[in-house]
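A.B. asks: Chain order of the listed sequences is R, D and L. When we follow my numbering, the leftmost residue of the first sequence carries the number 1, and every step to the right adds one. When we follow my numbering, the leftmost residue of the second sequence carries the number 1, and every step to the right adds one. When we follow my numbering, the leftmost residue of the third sequence carries the number 1, and every step to the right adds one.
Keep in mind the hints are simulated off the structure, nothing from the lab. Please note that a few of the clues may not be correct.
As the list claims (entries may be wrong) - From chain R, some residues computed to sit far from chain D (all C-beta separations above 10 Å):
id, residue
1, LEU50
2, LEU155
3, ILE196
4, PRO224
Unchecked claim - Below are the DSS-like pairs computed for lysine-lysine, each with C-alpha atoms no more than 27 Å apart in a straight line:
id, chain 1, residue 1, chain 2, residue 2
5, D, LYS437, R, LYS57
6, L, LYS245, D, LYS75
7, D, LYS307, D, LYS188
8, D, LYS360, D, LYS75
If you're wondering where the values come from, they're calculated on a predicted model, not measured in any experiment. We put the CB at the ideal spot given by N, CA and C, even for glycine.
What follows is each chain in one-letter form.
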Amino acid sequence: MASEAAVAERHATPAQIVPWWERNLAWLLVAPMIVMFVVFALLPSLTAILFAFSHIKLTRGGMQRTFIGVDNFQRALEDPIVRQSAGITLKWALVVTTVEILLGLGLALLLAHGVRGRGVFTSLLIIPIIMPPVAVSLMWFFMYEPNFGVINYLLNQVGLPSVLWLSDPNIALYAMMAVDVWQATPFAFLLLYAAILSLPRDPYEAAAIDGASRWHIFRTVTLPLLLPVLGVVVLLRLIDAARVFDKIFVMTRGGPGSSAYTTTLTVYVEAFNKYDFGYASAISFMFQVVLVIFGTIYVRRVMADYSAPAES
Amino acid sequence: MGNAANDSTVTSAAILDRRALLKGAAAGAAATAVGAASKRSAFAAPAFLQGASFVLACTSDDAPKIQPLLDDYQKANNVTIQVEQAPYNDIQAKIITNLTQGTGAYDVISMDDPWIPQFAGGDFIMNIGELMDKRGITADPDFVPELLALGDFPPGSGLRGLPWVGNVQVFAWRTDVLKDLGLEAPPKSWDDVLAYAQKITEEKGASGVYGIGLRGVAGNPAATSFLPVLRGYGTDLFDENWEPQLETDAAMQAITTQLALAKVAPPGVESVGHPENGRNMSQGLIAQSADIWPDQLLQIYDPELSKVVGMVDIGAEPAQDGVKPANMTGNWLLGIAEGSANADPALDFILWFTAAEQQKRLLLDQNIPATRISVLEDADAVAKFPFLPGLLAAGRNAVPRPRTEHYNAVEAIYGRYVAEAIAGQISGEEAMTQANKEIRDLMVREGVLD
Amino acid sequence: MVGETTFERVAKYAVVAAVSMIVLLPVYWMVNMSLKGKGEFAARPPTLVVQQPTTENYYDLLVTQRFYLKGINSIVVAVIAATLAVSIGTLGAYALSRFRLPRNLNYHLLFTMLTIRMFPPIVTVIPLFAFYNREILGFKLFDSWLGLGLVHGFMELPLVLWMMIGFFRDIPRDMEEAALVDGDSRLAVLRKIAIPLAAPGLAATFILVFIASWNEFLLALILTGSKAQTLPIAVAGQIAQYDVKWGNMMAAGVITTVPVLILALLSQRYLTRGLALGGVTG
Numbered sequence: 001m002a003s004e005a006a007v008a009e010r011h012a013t014p015a016q017i018v019p020w021w022e023r024n025l026a027w028l029l030v031a032p033m034i035v036m037f038v039v040f041a042l043l044p045s046l047t048a049i050l051f052a053f054s055h056i057k058l059t060r061g062g063m064q065r066t067f068i069g070v071d072n073f074q075r076a077l078e079d080p081i082v083r084q085s086a087g088i089t090l091k092w093a094l095v096v097t098t099v100e101i102l103l104g105l106g107l108a109l110l111l112a113h114g115v116r117g118r119g120v121f122t123s124l125l126i127i128p129i130i131m132p133p134v135a136v137s138l139m140w141f142f143m144y145e146p147n148f149g150v151i152n153y154l155l156n157q158v159g160l161p162s163v164l165w166l167s168d169p170n171i172a173l174y175a176m177m178a179v180d181v182w183q184a185t186p187f188a189f190l191l192l193y194a195a196i197l198s199l200p201r202d203p204y205e206a207a208a209i210d211g212a213s214r215w216h217i218f219r220t221v222t223l224p225l226l227l228p229v230l231g232v233v234v235l236l237r238l239i240d241a242a243r244v245f246d247k248i249f250v251m252t253r254g255g256p257g258s259s260a261y262t263t264t265l266t267v268y269v270e271a272f273n274k275y276d277f278g279y280a281s282a283i284s285f286m287f288q289v290v291l292v293i294f295g296t297i298y299v300r301r302v303m304a305d306y307s308a309p310a311e312s
Numbered sequence: 001m002g003n004a005a006n007d008s009t010v011t012s013a014a015i016l017d018r019r020a021l022l023k024g025a026a027a028g029a030a031a032t033a034v035g036a037a038s039k040r041s042a043f044a045a046p047a048f049l050q051g052a053s054f055v056l057a058c059t060s061d062d063a064p065k066i067q068p069l070l071d072d073y074q075k076a077n078n079v080t081i082q083v084e085q086a087p088y089n090d091i092q093a094k095i096i097t098n099l100t101q102g103t104g105a106y107d108v109i110s111m112d113d114p115w116i117p118q119f120a121g122g123d124f125i126m127n128i129g130e131l132m133d134k135r136g137i138t139a140d141p142d143f144v145p146e147l148l149a150l151g152d153f154p155p156g157s158g159l160r161g162l163p164w165v166g167n168v169q170v171f172a173w174r175t176d177v178l179k180d181l182g183l184e185a186p187p188k189s190w191d192d193v194l195a196y197a198q199k200i201t202e203e204k205g206a207s208g209v210y211g212i213g214l215r216g217v218a219g220n221p222a223a224t225s226f227l228p229v230l231r232g233y234g235t236d237l238f239d240e241n242w243e244p245q246l247e248t249d250a251a252m253q254a255i256t257t258q259l260a261l262a263k264v265a266p267p268g269v270e271s272v273g274h275p276e277n278g279r280n281m282s283q284g285l286i287a288q289s290a291d292i293w294p295d296q297l298l299q300i301y302d303p304e305l306s307k308v309v310g311m312v313d314i315g316a317e318p319a320q321d322g323v324k325p326a327n328m329t330g331n332w333l334l335g336i337a338e339g340s341a342n343a344d345p346a347l348d349f350i351l352w353f354t355a356a357e358q359q360k361r362l363l364l365d366q367n368i369p370a371t372r373i374s375v376l377e378d379a380d381a382v383a384k385f386p387f388l389p390g391l392l393a394a395g396r397n398a399v400p401r402p403r404t405e406h407y408n409a410v411e412a413i414y415g416r417y418v419a420e421a422i423a424g425q426i427s428g429e430e431a432m433t434q435a436n437k438e439i440r441d442l443m444v445r446e447g448v449l450d
Numbered sequence: 001m002v003g004e005t006t007f008e009r010v011a012k013y014a015v016v017a018a019v020s021m022i023v024l025l026p027v028y029w030m031v032n033m034s035l036k037g038k039g040e041f042a043a044r045p046p047t048l049v050v051q052q053p054t055t056e057n058y059y060d061l062l063v064t065q066r067f068y069l070k071g072i073n074s075i076v077v078a079v080i081a082a083t084l085a086v087s088i089g090t091l092g093a094y095a096l097s098r099f100r101l102p103r104n105l106n107y108h109l110l111f112t113m114l115t116i117r118m119f120p121p122i123v124t125v126i127p128l129f130a131f132y133n134r135e136i137l138g139f140k141l142f143d144s145w146l147g148l149g150l151v152h153g154f155m156e157l158p159l160v161l162w163m164m165i166g167f168f169r170d171i172p173r174d175m176e177e178a179a180l181v182d183g184d185s186r187l188a189v190l191r192k193i194a195i196p197l198a199a200p201g202l203a204a205t206f207i208l209v210f211i212a213s214w215n216e217f218l219l220a221l222i223l224t225g226s227k228a229q230t231l232p233i234a235v236a237g238q239i240a241q242y243d244v245k246w247g248n249m250m251a252a253g254v255i256t257t258v259p260v261l262i263l264a265l266l267s268q269r270y271l272t273r274g275l276a277l278g279g280v281t282g
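Model the full structure from these sequences, guided by the hints.
C.D. replies: Printed below as a string of structure tokens:
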């Protein structure tokens, strides 16, 4: 780098003694970040692994740890709720991500030619994105209320029967997915829209001269160009959706029954309702391994996208 | 418990009985001491109370009801009380994690009686009995002795809390509905309850009256609605050796009955918890429920809140032939977190709060059932709530939940499986088999069973 | 691109209108209900526009139930988190965009830091809960502003790094080099040139971290007890009362939303960039 050459040149002047901290400035600048990583990610993760191999009993002012080998993992693999919640988590992540991406992408393509009042529209879409999930959950919980919620009221007005949105085991999970879709579709839209607006024009002009159909243009031009951003958005939504906790916790606590227990909920219940920290750590550790795989792909994508300047 | 100087039998006594308490009272110190503590509010606060401040943790159900009393106490004593509230499951989790880790986040804690073995056994809460001994105070014999004894665990080790909500689970039914359909009240066995429930829902479901109300939310709610059925079939969660009993024929019959009942409960039973079940009763939506608690009963009898005043009667839980009917306790006690820096003002507050005057106020104004004999027999109170003497009798015969320090984990297990069965995720048999296995595994891991 | 037909144009505005309604109506309904008194709240059919607006729900929540204390907690925690993440992240971002560390560490370090973004907090929260309850120098991090602020700040480090590396990239190198040749130290250059030029971005990043901390639920639920409890946790605790105070709950929803909404609109220009790292959701 040129700047470093400049520094080196200056440092070469023998009259100037460069203090140690300036010689090692780069390390000093990244040091706090690394310390934070060690304290809040590395050590807790190692501790979680240690816990996962232990039976833990809460005692006054601490905990008593007994090493039990892989018992917790074995138990987790046999535990029906662990399997079930992994399935629900997967279902949740796949369904909400698919719906959000499709809706967001469709809307972004529809508005690709620009739209009057775009500024107002995008500002509006920011509201769900930044709303606290707890507030969103309360809002929908109230609208879903079977007896005086506004949704059943409207249904009744047009002659349809009331629906038990959050207590019918066949509906509750989807009703909560709808809340997630409400909150996160604008997020997918904003990112994809920014990407579409910054696409190069030339390929489109070439395609137009060739007289290609719209679907053909979408498939051969738009989609390939959009793919890197699309990949990032999909991965990000998958990872976030798989970690869902607050919405389900506030609206049904994983119910009815255990039909909305996601892995995070299950870990919470094992740790903070049954106080089995060792077992909870084992489940969450396995969960983390899966997320790390997806997470690594995501970060690689983000960084690839980053090094090729594609600012909106 | 008790003033050692006056009552030498107390330390060795395994069970608190009324006689022991009365003996303590005869010595005289007790009543006056508690009286003094409660009277303190009327006078200037002692020096150590000036500007004291502590945190009280309770359920969000209770928080608004006790607030008026807290306001008065704070004003009179220059004390600041910060109330921390959350729904049952959450406050339980918060309390347990905070107590076990000795965080000092809470000072006064409102505890459900099944929590006591864990809290007391692990020394997570202070031995109030000892604190009171130091001040020369004895627990007032006016407390219903059986309720007071719930705070003494392991039995004879001293009080860990004073009862402030005298809850006992009762069976409640709508006299008018049963009479209307020519059903003999009350149903004696669970077979009767089920037959009645099916008939009522069949005949009156369309007009919005269902045969039964129960709780289906996973965890404590579903567990608490199921336990009386299980016991009504002559078994319990554990035998005397802590061997789980959910794979027995009786347990299978119990879950079959519970699931059949859930089918004729108002739709949405899967998300019915304590507040909803009470509301369903007081709004006339359900004609029977084996999971009614006095706080709900008081709402049901309150003309301002209820549509069924005078139409509801209560009694012992149903039981199959040859099984002795019983009720279950569910009292709330006030205790002090071990490590609290505010133990003195906290104890003052607890003594004041559980005194007869406040108990009566809670009963009459806030529909919170008292834990004191004098209040339950009080003329004003009985005039307003004629079932109080019956409640007192039921409370004195009530059985607590299994007194093991692992009860919370046990409840989380079977409470989830019962809820899953109600939600139709698994069969009743699978629920019982799986719950039995997991509870047994838990007891083995914790070293209770081999 | 290919031109639009009239039909498409009509369809487009119809969709925009429909989406706007779907987004706005639930929020409108929450605000509407939060302003109703007890009587109007229960009215059937519900009044579409509040007839006798009252602040009683807000008063009851904030003053009577002392939720203002939770609001203060939320603000302080978010400010600590944002200050911490922005200062540490900015220094790191500057180093990563101006120095070349050996062994391709620039890449690996950034990579590692960005993976924090997908850490499930449920994994680390159990050890952190245990760790926070140890006394360190006579102080416990559990249930303290600092404790929650620290972990929130840490969770948002990837966002700050990501944003700030972008901003530092946009700063023309010539200016910094000129200053270096003039004899300024690197640190002086950072202070006098890079940070002032990146200031708007810095402020936006601060706001994004603030919002993320304000909204966070799981860590706040477990790592606070009573003293440092934040608004979302207190609000969620309202849901299970015998006599559910729906009006209060709606007011609580509005109270938790309004501050972040104002902040988000202030930093809207930079939001899309921040969103690439999903800084404020999840």
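A.B. asks: For each hint, tell me whether it holds in the structure or not.
C.D. replies: Here's how the hints hold up against the structure:
The Cβ of LEU50(R) sits about 18 Å from the closest Cβ of chain D, beyond the 10 Å cut-off, so the non-interface label holds. The non-interface label for LEU155(R) is consistent with chain D: the shortest C-beta to C-beta separation is roughly 15 Å, beyond 10 Å. For ILE196(R), the condition that its CB be more than 10 Å from all CB atoms of chain D holds, with the nearest at approximately 42 Å. Every CB of chain D is more than 10 Å from the CB of PRO224(R) (nearest about 44 Å), matching its label as outside the interface.
Pair hint LYS437(D) plus LYS57(R) holds up; C-alpha atoms about 20 Å apart against a cutoff of 27 Å. Under the criterion of a C-alpha separation no larger than 27 Å, the hint pairing LYS245(L) with LYS75(D) is consistent with the structure, at around 26 Å. Between LYS307(D) and LYS188(D) the alpha-carbon distance is near 26 Å, which keeps this suggested pair within the 27 Å criterion. Proximity of LYS360(D) to LYS75(D) is assessed by CA-CA distance (about 20 Å); at most 27 Å being required, the pair is judged to hold.
In summary, this structure violates none of the numbered hints.
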